[in-house]
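Asker: These are the residues of each chain, in order.
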Amino acid sequence: MPASAARSRRRTPGQIARGVRRRARRAAGRLRRSWRRSLQFRVVTSTLVLSMAVVVVLGVFLMQSITASVLQGAVQSAREEARANVTTAIGYLTPPSPDLTDALPDGDAEGEAGDLVGEAVDALGDRSGGRYDIVTFNESKVGQARATGAIDWSSVPDALRAKVQRSEEGVLVEQNTKLRYLGDRQRVSGIVIGARVNGTYEIYHLFPLGEVETTLLAVQRIVIGAGAALVLLLAGIASLVTRQVVTPVRLARQAAERLAAGRLEERLKVRGEDDLARLAASFNEMASNLALKIHQLEELSQVQRQFVSDVSHELRTPLTTVRMAADLLYESREDFDPAAARSAELMQNQLERFESMLADLLEISRHDAGAATLDLEPADMRDVVLRAIGDSEALAERQSTRFELRLPSEPCVAEVDSRRVERILRNLLFNAIEHGEGRDIVVTLGADRDAVAVAVRDHGVGLKPGEEMMVFDRFWRADPSRARTIGGTGLGLAISREDAMLHGGWLQAWGSPGEGSQFRLSLPRAAGAPLRGSPLPLVPPEVEMRRSWRGHGTPVLAPAIGVIAEVGIGVRETSDAGGFDVP
Amino acid sequence: MSPRFPRTAATAAAFAVLAAGTGCATVPTSGSPHLVEEDRARDTLSQQYVRMIAEPPKKDASPEDVVKGFQAATASFDDPRLTMARRYLTADASQKWKPWKQTRVYDEGKFSGPIRSLKDAKDATVTLKGTAVATIGSEGNYTPATGIVEEAFRLVRGDDEQWRIAQLPDGRLLSRHDLERAYRRVDLCFPPATPVNGLVVDRVWVPIIPGRGLPETRVRRLLAGPSESIRGAVATAFPGGTELNRITVEGGDTLVVDFTSAVESVSDNEIDAMKAQLVWSLGELATGFTVEIRVNGEPFRGIGLRFKLPDYAQFDPNVVTAQAQAYFMRDGKLHRVKDKGGGDPVLGAASEQDVQFTAPAVSGDYQPRIAALVNGDGVYVTGTAPGSKWQRWIAGRDLTGPSWDRYGSVWAAEPVGEGKTRVWQATQGQARRVGIPPALANGRMNAFRVSRDGTRVAVIMDEGRGTTVKIGTIFRIGRQVRIDNVRTLVEAQDRQKIKAIAWRDAADLLVLSKGKGGQDLATWSVMEGKPAEEPAIKLDAQAEIVSIAGAPDHVLAGTDIDRGESGPGHGEVRTYSGDKREWTMLAKDGATVPVYPLG
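So the sequence lines, in the order shown, correspond to chains A and B. Positions 1 to 583 (our numbering) are the ones given, in order, by the first sequence. Positions 1001 to 1599 (our numbering) are the ones given, in order, by the second sequence.
Hints may be right or wrong, so weigh each one.
[To be verified] When the alpha-carbon atoms are kept at most 27 Å apart in a straight line, the in silico DSSO-like pairs for lysine-lysine are as follows:
#1 B/K1058 with A/K163
#2 B/K1588 with A/K141
#3 A/K141 with B/K1538
[What the hints assert, rightly or not] Here are a few chain A residues that sit away from chain B, every Cβ distance over 10 Å (derived from the structure):
#4 D122
#5 D126
#6 G130
#7 Q144
#8 P157
#9 S167
#10 L182
#11 G183
#12 R185
#13 L259
#14 E285
#15 D310
#16 A344
#17 P411
#18 R546
#19 R547
FYI, nobody ran anything at the bench for these hints, they're computed from the structure. All C-beta atoms in this analysis are idealised placements derived from N, C-alpha and C, irrespective of residue type, glycine included.
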């Protein structure tokens, strides 16, 4: 166990990098989403960015001017001091008088000169009071180099020395550098001002600018701090201000969403008299108008539905009587003259149709009223399909139409109301027989883990584009001039669709002129489970195949191949011809 | 709703900042007068000093220049290993040279190079001639020297045609200027080996450590311990192994002295001595500052240790201050000097007419006691309370004038036989003989003065070849007292007689001498063995000084105006003002023998 724990804890760099990348991507996604969705976030962010830019520009400008003025002051006073010191040093270093020098017994004045430079540096060091340090050199005399305090004399840059040695006597030369000290004192930036005096003496003044640096750093800190505070303050203000605006808008959006969800009683609180309050008021007005209108329409449609239902009921009683009379006439038709007998037959037919139409009307009005209920039980869909086929066989024979059945070998059980499903299938089959023009009708049953589907394919005239949805309309007719050969009521598909929807399933149509049409019923296996996809394609595979003749193989085919052997062969043939391979 | 508003606000605010940065920060043109708070941090820690820069030998330099450059490089203290100076030497000489053995100081040095042509010469000799000033030992002890310094440097020309020093005197030779530049005289303070609230001064010369500054130089030398002449007589309160990290100034008035952790092991009864040692050794550098001891940057023992120089005034190594009460004799009575001049007789036996006494000495007690020679048969002591009587503490004939130390003991020297001397120390009436080395025993003592800190003695010796002043150190081991480490401060000079000595402060002795040029009163620095560097005291040719007394910043003299005429009523006690360089009368009408407590 510990080993596995260690392994799980120890992640490879690749894993870590992936994790980081994933997290970063997620964060970026969240950010993008916030940017897209939150007005407040957008306003605050842009305020932050813009004010930051402004503050940075101003801060840099401010800092530069402060630095320039402070530094200039320090350097200026350093120069003045150096100038005064150089004058003093010249006074010290000039031998008292040439006569006196000559008067020295052996003319060896250098012992005294050592004194002179010492005195000069002493005097300058006293004057400096520790504010700066002095370094002297003399290239042509030995033992004349002096330094004050703890300055490391190598702080004097070589370039400066060379320049001083070349320059005129008494001319100040300066250079910025880093001053080093003996001991553990910190290095500090400073300025070195040098001059050549009395021949080969070089005097350097090393001014530390540490205090100036400290001051400037402090100012810089203040500017940065103030800028940051300013930016944050502005962001806060922006956030506050936008919140005042965004909150009512957000409330309005939520109310609108609820309204859209059908809760028409939703209203906004109206506060004050500003633009937003007026928006809320008109929103409320709109909502109430909408509710009123919808209510009216609902009532109207209720009345209509009631009317249809009532009419159907009311028609039923007289129709029963008429039917009994008609039956009587029909049975004794052989006693009538041929014309009367024909009339009796006709009446009988039309009465049957009338009855079924009435039954359909009642059924659909039950659906409309929401009174239709499911009687669910597990059923093998193959049996359901076979029963529907059996019911339709008589009609099919009459139309000399043959069914081609493609059923899976193993049972596919689904929780359905088999009576309604049978009716749907029956409707689809009648429809196919009617429009199939005597050609074969292919009935396919497909199933997967979640759903079952039945597709009914005919090879009749097909549907024109746009008619796929209209076929389910009540009393719709593809060609009004065409007669109803098998006496459909015009409500069959509408009822079928209502039934499918009652199951939580789909009933869809596909059609193409000249290629026939296909209707597909898809149902979830378990009642109440949402339907995510259908095991069968809506468009028949061979048609799809033709469409994508050259180009991409569609994975839609794959399940079809498994289910339907014959079509699978066909596909294989076609694919051979098309020159691409399906494994 | 519009995001425009905050953006406008941002711009406005930024402009406001700009305006505040430029507009408001102007120089004020009005205000009330107020005292200036000066930052004294720099004064103490960055006292300026000038260093010699050690330069490498110049190309094709003459032998003389090489020696000069070498001397300059030797005088530079930047590098404790003197690597730059060694570049003037041949490899062989560099190995043999021992610069730290001794430092000799000369003045008026002159380098004389070879006179003959050096064109093809392979070696040359450069001689340094000057007058000897002093030598400085490895511990910084200054010993004056006389005579001349003459040292030869032998140079050879190497393969690269450059002259290098091949033979040179051991130790370093510094000119007087070099010494003044690179060394500082410091008064280190150490508590005496006998536990007492007080300090003893050890005056040494220390090289400035470049990059560390004077305070650090002082404290480091202090931690190194006392110099040899008083080692054993004094101790140090700093625990062994204590090192200084650094000294910094914080807040302008706190001198932070940071030690290593060893300092925390100081025993509780020595903490005061340690603090006093530190502040008094820092001396004028610590004046006005609060001194804080830290341990590696942390407060001492977690609670911190902050103190000031005035907190340890009772540790003053001078023992008496400039405001010490002075006394003088008139009409056979001891008088106390009044502020406005003149004096009142003290109470007790010393103001009674019936007992005649000479050579009074005043103790340092709160209620001072007087010791004096009475009846010519010993040293007697009396109090200054009314009714106090003379008690004999030391018996003996021809004793020198008594001298008090701060432990309440009276000292006096007694001549024994021919040119021999014994020294007595008496405490609470009990006299005890003090062990003295032959340098003191073999000779006659004219005066015997114990320093106020009780650690040194100054004596006037007459060994038959004239009078000398000698200095010894008092060692106290248990109850045994011994004087040792005797050395001569003022050499005997022809026809010069030293008449009187008096301790001025912890390190200086007043010496009154009389030679053929008349009287001379000088202050000698006891530990340096030379006259103090201050303007000589100007004497009044009309008034002969017969007795002297000294205190810090004060010199008193008892004068005799009417030379040669005996009798009372002619003497005058005068005080000398160093600033005005003149004497002013303090008491007259026969006033004589001025005395300060102790010394």
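Asker: Checking each numbered hint in turn, tell me which of them this model violates, lowest number first.
Answerer: 2, 3, 4, 5, 6, 7, 10, 11, 12
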